[in-house]
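There are 2 protein chains.
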Amino acid sequence: MNVFSKDYLMTAGPTPLPPQVSQVMAEPILYHRAPAFIEIYERVLTGLKTVFQTESEVLTFAASGTGAMESAVANLVAPGDRVLAVSCGKFGERWAELSEAYGADLHHHQVEWGRRIEPEDLEQALAAAGDVRVVFTTHSETSTGVLNDVAALADIAHRHGALIGIDAVSALGVVDLQTDAWELDVVASGSQKALMCPPGLAFATVSDRAHEAAREARARGARSYYFDWEKTLKGQRKRPADSPFTPAVTLFRALDVALSMIERETLPGVFERHAVLARAAREAVKAMGLELFGPEDENANVVTAVRVPDGVDGTAVPKLMRDRFRVTVAGGQADLKGKIVRVAHCGYYGAFDIISTVAALEMAFRELGAEISLGAGVAAAEQVFLEAGVPTAQPVG
Amino acid sequence: MNVFSKDYLMTAGPTPLPPQVSQVMAEPILYHRAPAFIEIYERVLTGLKTVFQTESEVLTFAASGTGAMESAVANLVAPGDRVLAVSCGKFGERWAELSEAYGADLHHHQVEWGRRIEPEDLEQALAAAGDVRVVFTTHSETSTGVLNDVAALADIAHRHGALIGIDAVSALGVVDLQTDAWELDVVASGSQKALMCPPGLAFATVSDRAHEAAREARARGARSYYFDWEKTLKGQRKRPADSPFTPAVTLFRALDVALSMIERETLPGVFERHAVLARAAREAVKAMGLELFGPEDENANVVTAVRVPDGVDGTAVPKLMRDRFRVTVAGGQADLKGKIVRVAHCGYYGAFDIISTVAALEMAFRELGAEISLGAGVAAAEQVFLEAGVPTAQPVG
Numbered sequence: 057m058n059v060f061s062k063d064y065l066m067t068a069g070p071t072p073l074p075p076q077v078s079q080v081m082a083e084p085i086l087y088h089r090a091p092a093f094i095e096i097y098e099r100v101l102t103g104l105k106t107v108f109q110t111e112s113e114v115l116t117f118a119a120s121g122t123g124a125m126e127s128a129v130a131n132l133v134a135p136g137d138r139v140l141a142v143s144c145g146k147f148g149e150r151w152a153e154l155s156e157a158y159g160a161d162l163h164h165h166q167v168e169w170g171r172r173i174e175p176e177d178l179e180q181a182l183a184a185a186g187d188v189r190v191v192f193t194t195h196s197e198t199s200t201g202v203l204n205d206v207a208a209l210a211d212i213a214h215r216h217g218a219l220i221g222i223d224a225v226s227a228l229g230v231v232d233l234q235t236d237a238w239e240l241d242v243v244a245s246g247s248q249k250a251l252m253c254p255p256g257l258a259f260a261t262v263s264d265r266a267h268e269a270a271r272e273a274r275a276r277g278a279r280s281y282y283f284d285w286e287k288t289l290k291g292q293r294k295r296p297a298d299s300p301f302t303p304a305v306t307l308f309r310a311l312d313v314a315l316s317m318i319e320r321e322t323l324p325g326v327f328e329r330h331a332v333l334a335r336a337a338r339e340a341v342k343a344m345g346l347e348l349f350g351p352e353d354e355n356a357n358v359v360t361a362v363r364v365p366d367g368v369d370g371t372a373v374p375k376l377m378r379d380r381f382r383v384t385v386a387g388g389q390a391d392l393k394g395k396i397v398r399v400a401h402c403g404y405y406g407a408f409d410i411i412s413t414v415a416a417l418e419m420a421f422r423e424l425g426a427e428i429s430l431g432a433g434v435a436a437a438e439q440v441f442l443e444a445g446v447p448t449a450q451p452v453g
Numbered sequence: 057m058n059v060f061s062k063d064y065l066m067t068a069g070p071t072p073l074p075p076q077v078s079q080v081m082a083e084p085i086l087y088h089r090a091p092a093f094i095e096i097y098e099r100v101l102t103g104l105k106t107v108f109q110t111e112s113e114v115l116t117f118a119a120s121g122t123g124a125m126e127s128a129v130a131n132l133v134a135p136g137d138r139v140l141a142v143s144c145g146k147f148g149e150r151w152a153e154l155s156e157a158y159g160a161d162l163h164h165h166q167v168e169w170g171r172r173i174e175p176e177d178l179e180q181a182l183a184a185a186g187d188v189r190v191v192f193t194t195h196s197e198t199s200t201g202v203l204n205d206v207a208a209l210a211d212i213a214h215r216h217g218a219l220i221g222i223d224a225v226s227a228l229g230v231v232d233l234q235t236d237a238w239e240l241d242v243v244a245s246g247s248q249k250a251l252m253c254p255p256g257l258a259f260a261t262v263s264d265r266a267h268e269a270a271r272e273a274r275a276r277g278a279r280s281y282y283f284d285w286e287k288t289l290k291g292q293r294k295r296p297a298d299s300p301f302t303p304a305v306t307l308f309r310a311l312d313v314a315l316s317m318i319e320r321e322t323l324p325g326v327f328e329r330h331a332v333l334a335r336a337a338r339e340a341v342k343a344m345g346l347e348l349f350g351p352e353d354e355n356a357n358v359v360t361a362v363r364v365p366d367g368v369d370g371t372a373v374p375k376l377m378r379d380r381f382r383v384t385v386a387g388g389q390a391d392l393k394g395k396i397v398r399v400a401h402c403g404y405y406g407a408f409d410i411i412s413t414v415a416a417l418e419m420a421f422r423e424l425g426a427e428i429s430l431g432a433g434v435a436a437a438e439q440v441f442l443e444a445g446v447p448t449a450q451p452v453g
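Quick mapping for you: the protein sequence lines, in order, are chains A and B. Quick note: the first sequence, position 240, residue 296 per the working numbering, numbers continuous. Quick note: the second sequence, position 49, residue 105 per the working numbering, numbers continuous.
Certain hints may be false.
Chain copies aren't distinguished; within one or between two, either way the pair holds.
[Stated by the list, open to error] Result set (EDC-like, lysine to aspartate or glutamate): computed pairs, CA atoms no more than 16 angstroms apart in a straight line:
1) Lys393 x Glu354
2) Lys290 x Asp187
3) Lys287 x Glu153
4) Lys62 x Glu239
5) Lys105 x Glu319
6) Lys287 x Glu156
7) Lys62 x Asp409
8) Lys290 x Asp211
9) Lys62 x Glu83
10) Lys105 x Glu83
11) Lys290 x Asp391
12) Lys287 x Glu321
13) Lys342 x Asp236
14) Lys287 x Glu268
15) Lys393 x Asp366
Worth flagging that the hints you see were computed from the coordinates, not collected in a lab.
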């Protein structure tokens, strides 16, 4: 063991698990039809409604978050249906790929990476595409760090007679996301980000309008089985609640514990904590003399993306941080490879996770030849935490 | 705590986890692109080949076992393709439901529940259906306990120019299953049965012929994304190995430990242990004066199905066993509801799990009014274990 022998995971999924979440998975496994599991299952289904801010059933699948996105496309899109995907990064492109895979008449509007999707972007794209049945877009784009105003986008989609499906895999539990109030037809998410659980559970909320559209799409030839909404809805609404396929029971136990932590912290408390963590990270980056990628006021508080300065090998930063300091952060993806470093702070994170990561960033950039005053970033983060006061001082667990 | 306060899980998935499998899930979570996870991931991918007895890549999905079955249908079946599902129980019907959901020209041959599918059944069904592209059937039918001779069925399917896809969710790791030697085109399975892991990982082997057929099916309009074989194959074959979507990292860690246990026990050892456990369960049932459901020599060693004698309320048996003795077994499904009780012994089971369950069965049937001599079943099981000798005496862990 040396001074850099402890691991710090600062990636946007998998994210670190609270010890009480980890430990519950080591308990004896439960039969999915036993009363002991059904109690947990029903409690989780109720807890998810709180987190998604919806009265609708939150449908659950044993899958990665992409499975929930696929459920939206499989249930809503029949071959030849006109679909508009509006993306501003790598994860937004997944909607386009999924729609194509399902035979949609796909229109894909791509906004420059690092920018958010403005209401005008959607208006123009809808006008250009003509009669669109469903708009698919992203709440927090994890590849660039930006947050889209999905309430405004939903409003526009609806005015054009289209449904809207949202990828909220990284946004859920980080920033406010009002499924019902904003009339979001589908919100897809997963267990492995701000919900502080391992990957393997996918979630989809479905509005009444979307359920109706799914029935119509089925009549036009849309197809689904494993990700079928009706099948899952029917099972979850039964009492005792049931699942059409064997549920991932250990992950439900983990989620049960994680949701009770979120309930204690309260949703506003969770959002405020993430806001303070993200602000500290951004202030630290600026104090180090580095540049943020993307406009600061458009950031989703999920990841802080740092532009790699000229003269520094961008791909070397995450590698050095991991291999030397054992702090795992992500680099840029696709076109952004080597150009940015992404520090994630969605989930079970506190002030000292940011402090440690900023310190590691300072040391890594210094080692790679950037002119960095050691401690400058950390000082800025400390200042943010001191000013933030109570919310960050409350226990997370 | 009373004398019946300890829980015994005797169901065919979820099955009990070895303590070392449970515990590894409580370790700090790993980033899926970190070297520490990739090492586990690559080792698991290799280990799965051994268990499936194949040189082909075993494709893995974050999903229930049904997800692997869906991958077969989604990749191989274009709308209008003629498909033959041959079933002999509730799980076999899933292939028919999946094929219909994907728009196949489905022919479904149903063999009486409790019987196995004979080669003649398949010959006749193929002759009746005409040109079939794919035959889907079941290795071990968990709802009735029977084992189908999938080597013989594969041979017939191939002679008719059809591919064959096998549901081996409950058979894998219980009975011999030679994917390559028997030329099985697709073998679908899951993590939560004999692989001694929680539910949430699905597996599919794909023969070269099936990969080729999938490319042709895609050209005819077959669609897949989350369960797409090419995408997953490409990722798994990369070095470092990668996954198109976030893998269920905790379940891979669990599977890594479980596969190492299977490797130490050896596959023949695992099969022999299950054979002895199942024989002991069957002899016990007969010694209790009860009847087995389905011919004894057609049993898959996965579950022992007991016919509920006249005068006993069949649905009360599993309920009493669970509520009073805390031994969880399954009843019959669909048409078999109330008619049979199923004791599962696939996975992390040893002699004393059978002894305890037989004792619970004796007490439950006695309480419900059947004429049972207490201890008779247990004595028969003991006799089997004593005669079996070494294989069951080896440590499982």
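Now for the hints, and whether the structure bears them out:
{"no.": "1", "hint": "Lys393 x Glu354", "in the structure": "neither (21 angstroms within a copy, 57 angstroms between copies)"}
{"no.": "2", "hint": "Lys290 x Asp187", "in the structure": "neither (32 angstroms within a copy, 36 angstroms between copies)"}
{"no.": "3", "hint": "Lys287 x Glu153", "in the structure": "between (25 angstroms within a copy, 12 angstroms between copies)"}
{"no.": "4", "hint": "Lys62 x Glu239", "in the structure": "neither (44 angstroms within a copy, 48 angstroms between copies)"}
{"no.": "5", "hint": "Lys105 x Glu319", "in the structure": "within (12 angstroms within a copy, 43 angstroms between copies)"}
{"no.": "6", "hint": "Lys287 x Glu156", "in the structure": "between (24 angstroms within a copy, 15 angstroms between copies)"}
{"no.": "7", "hint": "Lys62 x Asp409", "in the structure": "within (12 angstroms within a copy, 41 angstroms between copies)"}
{"no.": "8", "hint": "Lys290 x Asp211", "in the structure": "neither (29 angstroms within a copy, 40 angstroms between copies)"}
{"no.": "9", "hint": "Lys62 x Glu83", "in the structure": "between (26 angstroms within a copy, 13 angstroms between copies)"}
{"no.": "10", "hint": "Lys105 x Glu83", "in the structure": "neither (26 angstroms within a copy, 29 angstroms between copies)"}
{"no.": "11", "hint": "Lys290 x Asp391", "in the structure": "neither (43 angstroms within a copy, 21 angstroms between copies)"}
{"no.": "12", "hint": "Lys287 x Glu321", "in the structure": "neither (33 angstroms within a copy, 40 angstroms between copies)"}
{"no.": "13", "hint": "Lys342 x Asp236", "in the structure": "neither (37 angstroms within a copy, 58 angstroms between copies)"}
{"no.": "14", "hint": "Lys287 x Glu268", "in the structure": "within (14 angstroms within a copy, 32 angstroms between copies)"}
{"no.": "15", "hint": "Lys393 x Asp366", "in the structure": "within (14 angstroms within a copy, 70 angstroms between copies)"}
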